[in-house]
Amino acid sequence: MQANAEPITARGTAEVPAIEARGITHRYHTAQGEVLALEDVNVAAPQGKFISIVGPSGCGKSSLLMILAGLLPPSEGERLLLGSARSGPQPRDLAVAFQDACLLPWRTSLDNVSFPLELRGVPKAERNTQGREALAKVGLESFADRYPRELSGGMRQRVAVARALIQKPAVLLMDEPFGALDEQTRMDMGEQLLTLWDQIRNTVVFVTHNLTEATYLSDEVIVMAAHPGRILERVTIDLPRPRSIEITETEQFIHLRNRLWRLIRSQE
Amino acid sequence: MTTKVRERLVTAGFFVGLLLVWEVLSDVGVLNPSLAPGPRQVLGTGVMLFEEGLLYDMRVTLTYILASFAIAVVGGVLIGALLSVSATVTQVAEGFLTFLLSIPKSLFLPLFILIVGIGAAQKIAFGVFSSFAVIVAATIVGLAQVDHDLVRMARSQGATPLQIFFKTHLPSMTPTLLEAARIAMILNITGVLIAEMYASREGLGYLVSNYGQNFQVDRLLVVIFVVTTIGIVLNEILRGLELRQERWREGT
Ligand SMILES: Nc1ncnc2c1ncn2[C@@H]1O[C@H](COP(=O)(O)OP(=O)(O)OP(=O)(O)O)[C@@H](O)[C@H]1O
Ligand SMILES: [Mg+2]
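Respectively, the protein sequence lines represent chains A and B. Mapping the first sequence onto the numbering used here, position 251 (from 1) lands on 251, and the numbers just tick up by one. Mapping the second sequence onto the numbering used here, position 97 (from 1) lands on 1097, and the numbers just tick up by one.
Hints in this document: simulated from the structure, not taken from any laboratory. Take these hints with a grain of salt, some might be off.
[What the hints assert, rightly or not] Here are some chain A residues pointing at chain B (derived, C-beta under 7 Å):
(1) P91
(2) P105
(3) R132
(4) Y147
(5) L151
(6) M155
[What the hints assert, rightly or not] To spell it out: a stretch of chain B is covered by chain A in this simulated footprint if at least three of its residues, at any positions, have a beta carbon under 8 Å from a beta carbon of chain A; those stretches are:
(7) 1002-1009
(8) 1024-1037
Predicted model, so just to flag it, every value in this text is computed and none were measured. All C-beta atoms in this analysis are idealised placements derived from N, C-alpha and C, irrespective of residue type, glycine included.
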């Protein structure tokens, strides 16, 4: 276990990390008493890297992500965004995609996607143009006028991803965005996400409990342990990019995924 | 579709039949024409009343109804939102609301007259008093049902507290509010009419009490018909708004 106070930084470069958690400890106060959800967690995501966080259920992945998002003030420690400690959500630099798509049910896909722009006061015509572009990126241009209930689970997630991307965030945080989907759809979504990301190359922090997904997408996988939530190990995924789905069958891939699997299993 | 048309035809036929029976019964003298004048006579009286200026009274009453409805909805949502800020406050308020919802409002009419007199303010105030508790209660229920994940999502995108209220809370409460608004509208119409019947020199409520006291049953029936029509039209407008919400709602 690494209880180091030194956060990892972009390997070999002096660049500031896009997003960083320093000495994060978080306690929830419940009727049954205090829950220590995270203890002295240090994470840094270098600019332009895809980082995944994996770990058993209840190890504090979502809590950590919400703290990184500025939506949950930690009990102790600080969050640094592009090198400075700004608290609260920072919608111009950071976007969040939540576990269930979190679409506004009374809005069409287009109005959901352009919602962040609406909040910023972008005029309607401009919003709609950008919204349609964003929907086209996730292959849903012909579903612009559908309501969320009229879409499949996978489509809803794509709308949510489009909505996050329309913010043009330097940092994109995703909490099990494909967690509710079947295995086939999940891998399709992963592949589409990578294709999109190859064009943007911003910083992504991606929470999942699917190790294949984590290995396939990431430059680095952070393995967490539970009770209390802490970082167990960081595994560098040095597979070449761009990656296609076939890479999941290579020996190197399987070796890395098995390593993650053993790390998770060692906790039980 | 065709069954719907048939249903409509049956309903329409039923009413036409009823009018015919009524007409025949009053024509042959089974019904006392001074207590139950036939439809033709009522229609004639109706034309006469409109010529005499019934539209003016309709406008007066409709203004009171719409004004008090607007105040009840806006005020009710605001009060409901304020009462929802703390669970303890909500609990106390709920007890008071149950009391307000269950007592007959007309008991308070004399008190209203003592406080605000017998002008327009009394009609509007009593209309508001009759209906706003329903809106307050619906707001409290509606706010409690708002999905916190959606609020957090809006917050992550930089929504201000006002934007969060108008773009997440309000739309997600709208179906609940519209349902309550229909009930509030009925209570509100009743409130305004009773206030007019009790103390007024104009408006449909005044006409009802006036014609009633003077045994002008044909005129009374015309006014009742007009009030019913107003009630149905307002109800249908609100139902139309409610139906527009159907498309996005789950499980409808
Ligand atoms: N709002 C809350 N109030 C109290 N306790 C909470 C709250 N949210 C999370 N916890 C507790 O904190 C711990 C970490 O929860 P968290 O949701 O961050 O875990 P997770 O790794 O995301 O789990 P999962 O994989 O199931 O999503 C758990 O023990 C959980 O019960
Ligand atoms: Mg979680």
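The hints, checked one at a time:
| no. | hint | result |
| --- | --- | --- |
| 1 | P91 | holds, 3 Å |
| 2 | P105 | holds, 5 Å |
| 3 | R132 | violated, 19 Å |
| 4 | Y147 | holds, 4 Å |
| 5 | L151 | violated, 12 Å |
| 6 | M155 | violated, 15 Å |
| 7 | 1002-1009 | violated (count 0) |
| 8 | 1024-1037 | violated (count 0) |
Comparing the model with each earlier hint shows violations of hints 3, 5, 6, 7 and 8; every other hint is respected.
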